[in-house]
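**Q** In the order they appear, the protein sequences are chains W and P. Numbers given in our numbering equal positions in the first sequence, counted from 1, plus 162. Numbers given in our numbering equal positions in the second sequence, counted from 1, plus 1200.
One or more hints might be untrue.
The following residues of chain P were derived to be distant from chain W, with all beta-carbon distances above 10 Å [unchecked claim]:
{"hint": "1", "residue": "Met1201"}
{"hint": "2", "residue": "Ala1233"}
{"hint": "3", "residue": "Leu1253"}
{"hint": "4", "residue": "His1261"}
{"hint": "5", "residue": "Leu1263"}
{"hint": "6", "residue": "Leu1266"}
{"hint": "7", "residue": "Val1292"}
{"hint": "8", "residue": "Pro1306"}
{"hint": "9", "residue": "Pro1307"}
Just some of the chain W residues that point at chain P, by a computed CB distance under 10 Å [said to hold, decoys possible]:
{"hint": "10", "residue": "Ala191"}
{"hint": "11", "residue": "Phe194"}
{"hint": "12", "residue": "Gly223"}
{"hint": "13", "residue": "Val237"}
{"hint": "14", "residue": "Val244"}
{"hint": "15", "residue": "Gln258"}
Label pairs and their computed distance ranges (CB to CB) [unchecked claim]:
{"hint": "16", "chain 1": "P", "residue 1": "Glu1239", "chain 2": "W", "residue 2": "Val174", "range": "22 to 28 Å"}
{"hint": "17", "chain 1": "P", "residue 1": "Gly1256", "chain 2": "W", "residue 2": "Ser225", "range": "20 to 26 Å"}
{"hint": "18", "chain 1": "W", "residue 1": "Leu190", "chain 2": "P", "residue 2": "Ala1204", "range": "18 to 24 Å"}
{"hint": "19", "chain 1": "W", "residue 1": "Pro221", "chain 2": "P", "residue 2": "Ile1230", "range": "27 to 33 Å"}
{"hint": "20", "chain 1": "W", "residue 1": "Leu189", "chain 2": "P", "residue 2": "Met1201", "range": "41 to 47 Å"}
{"hint": "21", "chain 1": "W", "residue 1": "Met188", "chain 2": "P", "residue 2": "Ala1269", "range": "35 to 41 Å"}
To be clear, the hints were calculated from the coordinates, so they are not data collected in a lab. Don't be surprised by glycine CBs; every beta carbon is placed ideally from N, CA and C.
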Amino acid sequence: MPPGILTSAVFVAAFAALSVFGSAYMLLAPWFRNPAGRALMVMSTGFWLVSLAELLRHPFGLSTADSAPFAWFQVAAVSVAVVGIGWITKVLIKAQWHGRRRGRRYFEDSGERRHDGHP
Amino acid sequence: MTQAQLVTDLGNDAVFAACAGSVAFLAAYILLARGYRTEIGRALIVMDAGLTLALGPSVVHRLTGLSLASIGYAWYFVASIAVVGLATWWRVWFVLKVQWRGRPKPPEDP
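With these hints in hand, go ahead and build the complete structure from the sequences.
**A** Structure follows, in structure tokens:
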């Protein structure tokens, strides 16, 4: 099997995963309540747009060399991802800085909380 | 400068920034937060590592002129995007698991 077909397949799989993640995170988790959730959502949206651009490329024969709107769309998609990555890195560093001063580490909460009443 | 040239340059700059951001996030998350100790941390690290692996050759190509036309690079690119996809599915699983655990419990009968 040539890698070109596999490339399309992995982009479809990544697009599906990002779509499911965005939907599940939006519907189930209160992501908008904290900066880490908002940054993660922006970053995931950027990746989703990038994978969407890759999916549109083949069936419609789109190319950044031939289609200016498609090229601008791709630049915008990558830019959203860049903003998300930068934002989440900033949130992480800021939270670490505050957490260090307070003697605790942010971003270490994995959701693996105890259910016996203890924090 | 033509519009096509402008878009190409902007696209290259955006990819460069994305790769730099990914490396910065990986460094900060591993060194500062020690994110590898938790499941969500490991999922984020694997996803970001896949992204860095996917974008890295483009940055190296821009800096050194490395050819990306080989069949080896095509397989490498497939593998790196597959890592990103798998890590995203892992994150989906994690969100569902945490939400399921944290769901409101029905009141117990007296």
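**Q** Quick one: work out the minimum CB distance from leucine 1266 of chain P to chain W and report holds if it exceeds 10 Å, violated otherwise.
**A** Leucine 1266 of chain P is indeed farther than 10 Å from all Cβ atoms of chain W, at 18 Å.
**Q** For the hint on valine 237 of chain W, does the least C-beta distance to chain P fall short of 10 Å?
**A** With Cβ-Cβ at 5 Å, under 10 Å, it holds.
**Q** Holds or violated: is the Cβ of histidine 1261 of chain P farther than 10 Å from all Cβ atoms of chain W?
**A** holds (15 Å)
**Q** Interface hint check: alanine 191 of chain W, Cβ to nearest Cβ on chain P, cutoff 10 Å. Holds or violated?
**A** With Cβ-Cβ at 6 Å, under 10 Å, it holds.
**Q** Hey, does proline 1306 of chain P actually stay past 10 Å from chain W on C-beta?
**A** holds (16 Å)
**Q** Leucine 190 of chain W and alanine 1204 of chain P, beta-carbon distance inside 18 to 24 Å?
**A** violated (43 Å)
**Q** Looking only at beta-carbon atoms, does the pair proline 221 of chain W, isoleucine 1230 of chain P fall within the given range of 27 to 33 Å?
**A** Roughly 39 Å apart at Cβ, these two residues miss the hinted range, so it is violated.
**Q** Holds or violated: 35 to 41 Å for the Cβ distance of methionine 188 of chain W and alanine 1269 of chain P?
**A** The hint (35 to 41 Å, Cβ to Cβ) holds, given that methionine 188 of chain W and alanine 1269 of chain P are roughly 40 Å apart.
**Q** Glycine 223 of chain W was flagged as interface toward chain P. Is the shortest Cβ-Cβ separation under 10 Å?
**A** violated (17 Å)
**Q** Interface hint check: valine 244 of chain W, Cβ to nearest Cβ on chain P, cutoff 10 Å. Holds or violated?
**A** holds (5 Å)
**Q** Grab the minimum beta-carbon distance between methionine 1201 of chain P and chain W and tell me whether it stays above 10 Å.
**A** The claim holds: methionine 1201 of chain P sits with its nearest Cβ about 14 Å from chain W, beyond 10 Å.
**Q** Take the shortest C-beta to C-beta distance between glutamine 258 of chain W and chain P; is it under 10 Å?
**A** Holds. Min distance 4 Å.
Consistency with the previously given hints fails for numbers 2, 7, 11, 12, 18 and 19, ordered from lowest to highest.
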